[in-house]
Amino acid sequence: MDNSTRRLLQRLMRRIPTPLLKTTLEKWGRLTVAQRQSMDFTQPKWAVTEKLLAICEENEWTAKQITELEMIYIIDNPNQGMWYAFQLMDPEDDAHSVELMQFKEQFKSHLSELVRHVSVKIKKHTDEAVWIRIAWGDSLSRPNHLKPTYVVHYLQTPYVFVTSLTSKQKPLLSQALVLSTRYHAIKDANLSGRKLTAIRDLLMRQYQQAFPTKYPSPLAEKNHTVSNPRIEREQAGLIANRLQMACEAFGDGMLPQLQSAVYKLETKFKDHTNKTMTERDEPFKCVVKFASTNLLESLRHCASSGIASTPVTPLLSSIPLKGRNYFVITDNGPSPPSQMHASQN
Amino acid sequence: MKMSLLKPFSKLPGLNTANILLVESEEQFQQNLADTLVEETAVTVNVRLAKSLPLPMENEESRPRIDLVVFIINLTSELSFRSAEASLKYLDPGYFLGKVCFMVTNARNASVPTERLDAVRKLAASLHCPLLFAEDQTPDGVTNAAERLLTILKVAAGLVPMATALYLSNLTRCTLPPDIDQPSFD
Amino acid sequence: MATKLNLSAPSDSDLSSLADQTASSRSINRSLRVAEKERRKNEAEDPFVLALKYFSDVEAGTPLFGNDEFEKNLVLVERLAYSKGLSPEAISIMLEFAMSLRMGNAPCVRVLKCLIPTTVVPQGAVVRAVVWLGVGKIPINTQILFIKWVLTVFDLIDAKDQLRAVYGFIFSFVTDENLCPFICHLLYLLTRKESVRVFRVRKLLELQSKLGRQPFLLHLLSLYKVFCPELVTLSIPSRMRSGFRNYNSPWKSALIAVQKRNGSQVASSTSLPFTIKDKTNPRKRKHCHLELPVLSSLVNKQAQTELSSSRKVVPLVQLHSLTQLLENMHRIELPAQMGSLLGSSLALQYLDCVQDESALLRLNFWLGYALHEEFLFCGDGGGSQTSEEALQFLDKLLSSQHFLQESFSSSEAFLYKFLSVWDGSLLRPQILSLLSNIPVVPSSQIGRLLFEPLMQLFFTSSLFFKCGLMECLSNMLLKWLTWHSVYALEDDLDISLNSHTSINMTLSGFKDSVMELVHFVGRLASVGLQLEGCHSLLLSFILDFYEAVCDTFLKYGLPLVVMPPPGVFYPALFSLDPVSVDRLAFIMYRYKVNLTSAKTQEKVTEQAFHISRQTFREFNQYLVVMVNCLWNSKMFNPGMGVQLGEELLLKSNVPQYWTSFDLIHHPAFMSYAVDFHQQCWPGRKDMDFNSIKHSKPWSWYLEYLYSQGYDGLKQFVPTP
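Protein chains in written order, with the UniProt record's numbering: chain X, 1 to 345; chain Y, 1 to 186; chain A, 1 to 720.
There's no promise every hint is true.
Below, a list of computed lysine to aspartate or glutamate pairs in the EDC-like style, where the Cα atoms sit at most 16 Å apart [said to hold, decoys possible]: (1) A:599 <-> A:577; (2) Y:7 <-> Y:92; (3) X:27 <-> X:68; (4) X:187 <-> X:68; (5) A:72 <-> X:50; (6) A:137 <-> A:176; (7) X:45 <-> A:78; (8) Y:51 <-> X:232; (9) X:264 <-> X:252.
These aren't lab readings, by the way, just hints derived from the structure by calculation.
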């Protein structure tokens with residue numbers, strides 16, 4: 001066992017919280033019963049690590065086994081770091097019949113054609129997701145297992161989720177993905193968040209959604225609190241209306257937990273009192289960022305409690321509607337298709 | 001549109017009945033208070049809840065005579081204060097003869113700027129209205145706040161012999177902000 | 001020195017547990033000398049002792065990389081530190097090794113991180129380490145780490161006198177921008193009145209103008225201001241938030257773990273009163289600082305015998321009786337956490353008799369901040385305020401105040417602020433008790449500070465609040481009067497109201513305040529009774545108050561008599577329950593005694609004090625009304641307080657209306673009259689109350705009433 005493998009294990013052990021250590025190691029399945037029992041999880045972590053290192057030495061395990069352990073931990077605890085969503089475009093005819101073995105083989109071969117030193121590990125998770133761990137190297141250095149990229153792809157869907165990918169690696173991964181999934185292109189889905197499940201649900205529409213309708217839904221009825229005949233709301237209509245509007249925009253069920261939404265404005269500055277700014281030719285650029293532990297929930301509450309005006313502005317409601325949380329807003333006119341048009345008011 | 005003023009004596013009082021209007025822009029605390037207020041058994045208490053004034057015209061008919069108007073202000077929110085301030089002008093001056101009071105929440109919160117509390121005090125003092133402090137976070141606090149409102153409401157509705165709203169408000173009205181910052185640690 | 005410390009530290013016996021076991025198994029009969037020899041022999045082979053020896057002997061410049069011996073020894077020390085903690089001796093050695101940078105910076109950080117003391121940290125080691133700071137080779141981050149460590153273990157340092165001696169040296173580090181916050185914190189913990197000097201204040205102000213109003217500077221300055229207000233003219237904002245952050249994180253969990261692990265062993269080996277509670281000044285921790293620290297000093301017994309001879313300080317915690325306290329009065333070391341004084345009666349006794357101004361200042365300072373942060377500027381909007389912790393804290397404060405029989409000025413200042421935002425229900429029993437303890441408020445301030453907020457609360461709150469406030473004000477009056485009778489000086493009639501703050505008040509000033517209070521309560525009582533329909537519970541609390549008021553002259557020697565207002569007198573007189581009427585009679589009786597005695601004294605001594613005619617007139621008026629009404633059946637006679645037109649009374653169709661409120665027809669006594677009538681004339685079918693009116697039955701009837709326990713009535717009209 002070389003020094004880097006040792007460091008890899010030490011770093012991994014530091015990342016795994018003590019309460020999860022035991023179960024994670026059990027899932028790994030590499031340790032014999034005797035070895036597992038010989039480990040005392042009440043000891044400080046460095047002592048446990050020492051013990052595990054000794055066992056690894058004894059069994060002459062290499063980075064292969066350690067990365068296995070890492071994958072098990074990451075798959076169970078994916079909510080670390082930022083996840084970015086991508087969408088595959090223009091499927092070929094046989095794109096829907098790509099199955100796991102084929103994808104695995106193709107992906108590995110495509111990627112190793114592009115990069116000389118790369119270590120790829122693919123594992124199928126129970127929920128149909130294919131988890132790919134890529135340790136990147138380059139023509140000179142061996143794969144760096146300390147900074148792996150994780151990719152999650154749902155077979156037969158156009159969605160891919162990626163974490164810790166550098167801009168240098170991005171084209172390489174894109175190409176390998178496009179080729180092995182039988183698509184023609186891949187694009188940024190403009191959606192990111194700390195919770196993998198949340199952005200997956202949002203993009204793949206796996207949550208209770210709102211369907212815009214012109215008719216008042218029976219939901220409004222439910223929310224009207226009939227507490228006591230001697231309590232009367234003077235502006236009850238307003239409240240019901242607000243609730244309905246909020247529900248129309250965001251639905252009334254659990255919402256995926258997004259952490260932020262970013263609006264990048266590139267519009268003309270319009271303010272008749274400020275001539276110098278208004279007369280400039282270049283667009284006025286600014287970025288508006290909303291952040292919260294559960295952004296969609298917060299926005300819904302803002303709308304239903306009257307903090308934000310109703311009906312909810314399309315700027316906010318298009319987060320769940322379009323499944324994205326990064327928008328570029330420009331003045332009406334010719335603009336790239338991925339951008340959003342909004343007239344300023 | 002004609003501005004509709006809420007008037008204290010435009011309607012006849014009900015027998016053994018007191019009616020209170022809770023105005024709160026955040027619509028959080030008023031519901032809790034209302035639930036506790038209607039539990040009163042000695043008199044019939046009707047509660048009307050509003051986000052702000054003026055009240056909608058269409059309820060004009062069904063609305064009973066309002067005996068006490070309470071403005072609930074959450075001190076951590078500037079909006080809450082501004083909204084209450086804006087609502088005041090939709091009240092008939094007659095209400096300010098003892099039938100208006102202010103109830104403030106979150107006064108002990110560290111994030112409240114002293115200036116805002118002072119502004120609320122000045123507002124209440126200039127209108128000769130009582131200013132009550134309430135603990136809206138705890139059940140005990142809510143019960144106590146409701147109890148105190150009832151004490152005022154009963155007088156304002158004329159249910160306490162030998163006492164009128166004006167008489168009580170003379171005893172309880174807010175005085176100008178005391179400047180008690182100095183004796184702190186000297 | 002080292003061996004002595006070694007003897008006293010349990011960790012050594014822990015680590016050489018094998019040695020101890022063999023030693024103890026060889027029975028206690030063997031001489032100590034032999035056991036000691038044995039022990040030393042074993043110790044010499046102990047790898048840990050060897051490791052320590054390595055670190056104390058290792059030469060400067062020894063290479064670090066590839067040094068297996070170093071690695072082995074350090075791991076040994078670390079392992080012991082994390083499991084059992086290090087003995088004071090080990091701490092000294094390791095700290096010296098680290099700070100001297102004998103093997104460079106890398107091991108220094110590693111060593112600092114594992115300096116978990118088992119018992120105490122020797123002061124000498126810390127002082128030496130501080131000196132190493134001055135040498136200036138240590139990287140800044142390591143310096144910060146070291147100061148953080150000192151802050152964490154501050155309460156475990158066995159004495160502070162040498163550290164205080166190098167106060168100026170430590171102060172010199174404030175100019176370093178990186179170290180400044182931490183040094184300020186350390187200085188804050190070390191500051192004594194003597195340490196506050198003009199040039200230091202100037203330096204801090206200079207830093208403040210450079211760095212801005214940093215909370216750590218403000219906190220240190222405000223402490224300076226407490227000690228020497230004349231040196232710090234700067235105004236300190238009353239709303240300061242957590243000035244010093246918690247720096248104990250790297251060691252905290254390890255320390256707790258070590259303590260936990262050692263807990264049982266220490267208890268069984270009975271070697272040390274091991275009571276470490278807080279690692280930093282409690283004020284700095286939000287939500288935890290209401291937990292009163294246990295009065296603790298970590299100077300253990302053995303060390304004490306040795307220390308007290310050399311340094312002459314005795315930690316308060318080692319004293320267990322008043323005699324011990326008196327013997328050691330001159331050399332008492334106060335604990336670092338002044339809050340812990342509140343929990344100990346002995347400490348309070350010390351505080352009370354020593355009149356140590358700086359101790360009281362420190363306590364007040366701590367208390368003021370604790371109360372403000374916890375109850376007035378809450379982080380979470382006060383949701384957790386009714387917590388058990390808060391209750392216990394206030395109860396402890398109250399019991400301390402009762403013990404000292406006076407309030408702390410900081411709790412007084414806090415109360416005035418709290419009253420202005422109080423909802424009347426939060427912590428009501430505690431707040432009202434605290435309120436009843438406040439010393440006399442000058443009459444110029446009393447209205448603004450007390451009456452205005454209280455009046456508003458009183459009239460908008462429930463009956464029970466009204467009763468509670470009445471009781472509180474009665475207690476307040478009683479305390480004021482008691483203070484007066486205790487502290488009043490004979491000759492100049494000046495009274496020192498508070499033995500510590502020495503606010504002197506003239507007698508007339510005191511009289512004014514009492515009068516204001518009595519009038520205020522009279523106002524509350526009259527209107528309160530009116531609003532609550534003369535509720536008898538409220539009336540009872542009001543009469544409690546007047547029982548104190550009527551006796552101010554005779555019982556408390558205060559030449560002041562204030563009569564109750566009609567709004568109290570008449571509701572009591574016409575009350576539906578006989579007890580209230582009886583109590584009113586008793587109160588009137590005491591007024592009479594007080595007034596007569598005042599009058600005679602006035603004549604005899606010709607003293608300057610004078611009870612106004614108006615008071616006598618009021619008293620006589622009430623007396624006439626009461627006698628006429630209850631005894632003479634002459635209600636509504638002209639010239640009485642209550643007058644009604646003859647026509648109106650006739651119109652009411654009440655027969656013999658003038659008898660309506662005599663002792664027979666008074667609603668409160670009617671049932672007694674009926675009972676008496678039946679007992680007196682058992683055969684009679686129809687009730688004739690007028691027959692009681694005849695002189696014989698009337699005196700029997702009165703006797704009968706008195707026998708029912710209505711002593712007030714009896715005393716009011718002495719039997720001829």
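How the hints compare with the structure:
1. A:599 <-> A:577: Roughly 34 Å between the alpha carbons, so the hint for residue 599 (chain A) and residue 577 (chain A) is violated.
2. Y:7 <-> Y:92: Given that 16 Å is the threshold and the Cα spacing comes to 5 Å, the pair holds.
3. X:27 <-> X:68: Answer holds: residue 27 (chain X) to residue 68 (chain X) is near 10 Å, not above 16 Å.
4. X:187 <-> X:68: violated (30 Å)
5. A:72 <-> X:50: Within the cut-off at roughly 15 Å; holds.
6. A:137 <-> A:176: Given that 16 Å is the threshold and the Cα spacing comes to 14 Å, the pair holds.
7. X:45 <-> A:78: holds (14 Å)
8. Y:51 <-> X:232: Cα-Cα ~12 Å, so holds.
9. X:264 <-> X:252: Outside the cut-off at roughly 28 Å; violated.
The structure fails hints 1, 4 and 9 (numbered hints given earlier, in ascending order).
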